[in-house]
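For the protein sequence lines, the chains are P and E, in the order given.
48 is the number that my numbering gives to position 48 of the first sequence; each next residue is one higher, with no gaps.
Converting from the second sequence to my numbering requires adding 99 to each position, the first position being numbered 1.
Worth flagging that the hints you see were computed from the coordinates, not collected in a lab.
Treat the numbers as computed from the prediction; the structure is a model and nothing was measured.
It is possible that part of the hints are untrue.
To be verified - Some, not all, of what chain E presents toward chain P, calculated at C-beta under 8 Å: (1) A307; (2) R345; (3) E347; (4) L353; (5) L358; (6) K359.
What the hints assert, rightly or not - Which chain E residues stay away from chain P? Per the calculated CB distances, all over 10 Å, these: (7) S155; (8) K165; (9) A183; (10) E229; (11) L255; (12) A286.
As the list claims (entries may be wrong) - Distance windows between CB atoms, simulated: (13) S49(P) to A286(E): 45 to 55 Å; (14) S82(P) to T324(E): 44 to 54 Å; (15) P300(E) to V68(P): 18 to 28 Å; (16) D20(P) to S231(E): 24 to 34 Å; (17) D338(E) to Y79(P): 49 to 59 Å; (18) E326(E) to P83(P): 50 to 60 Å; (19) G22(P) to P212(E): 39 to 49 Å; (20) Y282(E) to E53(P): 26 to 36 Å; (21) P57(P) to Y159(E): 53 to 63 Å; (22) V68(P) to I166(E): 51 to 61 Å; (23) S231(E) to P83(P): 47 to 57 Å; (24) P57(P) to Q156(E): 54 to 64 Å; (25) N25(P) to Y282(E): 32 to 42 Å.
For each residue, glycine too, the CB sits at the ideal point set by N, CA and C.
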Amino acid sequence: MELRTSVRFPVRMPVKIQTDTGRENAETVNVSASGVLLAFSRALDAGSSIEIEMIMPSNTMGTSQDVVVYCHGRVIRSYRKSPTLVEVATVIDTYQIIS
Amino acid sequence: MPSISADIKNNNFASTPGIERKLEAGPDMTTNANFDQNSSLSPVEAPGIRILLADSQAIYRVGIRKIFAIEDDMRVVAQAENYAGLLAALERFPSDIVLLDGGMISGIPDAIPDMSRRAPNAKIIVQVSENSESFIVDLYRRGVRGVISRSISPDLLIRCIRKIAQGETWIDNQSVSWVIEAYRAQASNLTNPKLQPRLSPKELSIIACVTQGMRNKEIAYKIGTTEQVVKNYLRKIYDKLGVSDRLELALYCLHHQLLKQQPASSGAARGTVQEININRIRP
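With the rest of the complex left out, here is chain P (with noise of 0.2 Å):
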């Protein structure tokens, strides 16, 4: 029994995403290391890959520059909240930490 499982934080920050087509700004609604739930404009298909950029600003992180995680990973499931708010759940498969 693994207890270290991976907790999501609620954070909430605005995202780059890119998809199948384009470069698109979300936002997230909770992270984890395995996974980010996004607020979307639009359903994307299961399975699809998917690029996040997410930028912590410096002046939350307390460091001298924002960090900024690349991370690559598959659309899991859509679903729509709202007419307008598309919840987007993604797996993330591997990812960079730049500053």
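Once you have looked at the hints, place chain E on chain P.
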């Protein structure tokens, strides 16, 4: 009836302090004799559940061995009477199950991880004399597959070993509650900004380096130590914060504004990239 010397010879017995190989004949010895006759099978490939018995009290070892002796699918491949002997036996005698006296690892916090590293395929069952919530939760957290009472009935012990050998976890109702509560508390601690562990300036410096994308080798160079020391620090940091990798550490810092509150971390190098293949399959 196989001879004792044949058993020793065929199982590559070597005298090691703390390790006792079964020396008397019995039903499980007959199993060994079969291997001798069917030379295509080695003891390592033998069918059935191979058990390593680790108990500081000889009376328990004798009693438990008698319980297993009448089970066709179980055999004790080695016994250990102390922790050092257990570690040696783990490397020498491949086992499916380690039945361990909890008292033997008392005061050795890394005993279970050490055992798992030496024998990653062995499933560990710990026998405890009393129900201590923190001890039992910690055992499950560290990877044991079952915790049972030392006063367990023979039938239940056999069932427990079969279940665990099949890959299941053996846990009683009380322990389930404790483990779930510990999981909830861990999740709560991770997301509650009021509950933060104390970190040393060195640990904070290393965290800052991680958030800058530095590799362990680069961090070691920056703080003037070795890569192994950095790894040790990281393991300690992960344990303190309850995170499991660099991304989770960065998220923790963001959520708790950890480095902002404790500015010992400034000045980390910049411009480096850390790429990690997480290899996670599904969330």
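Hint check:
no.	hint	verdict
1	A307	holds (7 Å)
2	R345	holds (6 Å)
3	E347	holds (4 Å)
4	L353	holds (5 Å)
5	L358	holds (3 Å)
6	K359	holds (3 Å)
7	S155	holds (26 Å)
8	K165	holds (31 Å)
9	A183	holds (27 Å)
10	E229	holds (21 Å)
11	L255	holds (20 Å)
12	A286	violated (5 Å)
13	S49(P) to A286(E): 45 to 55 Å	violated (30 Å)
14	S82(P) to T324(E): 44 to 54 Å	holds (52 Å)
15	P300(E) to V68(P): 18 to 28 Å	holds (26 Å)
16	D20(P) to S231(E): 24 to 34 Å	violated (54 Å)
17	D338(E) to Y79(P): 49 to 59 Å	violated (36 Å)
18	E326(E) to P83(P): 50 to 60 Å	holds (53 Å)
19	G22(P) to P212(E): 39 to 49 Å	holds (46 Å)
20	Y282(E) to E53(P): 26 to 36 Å	holds (32 Å)
21	P57(P) to Y159(E): 53 to 63 Å	holds (59 Å)
22	V68(P) to I166(E): 51 to 61 Å	holds (59 Å)
23	S231(E) to P83(P): 47 to 57 Å	holds (55 Å)
24	P57(P) to Q156(E): 54 to 64 Å	holds (59 Å)
25	N25(P) to Y282(E): 32 to 42 Å	holds (35 Å)
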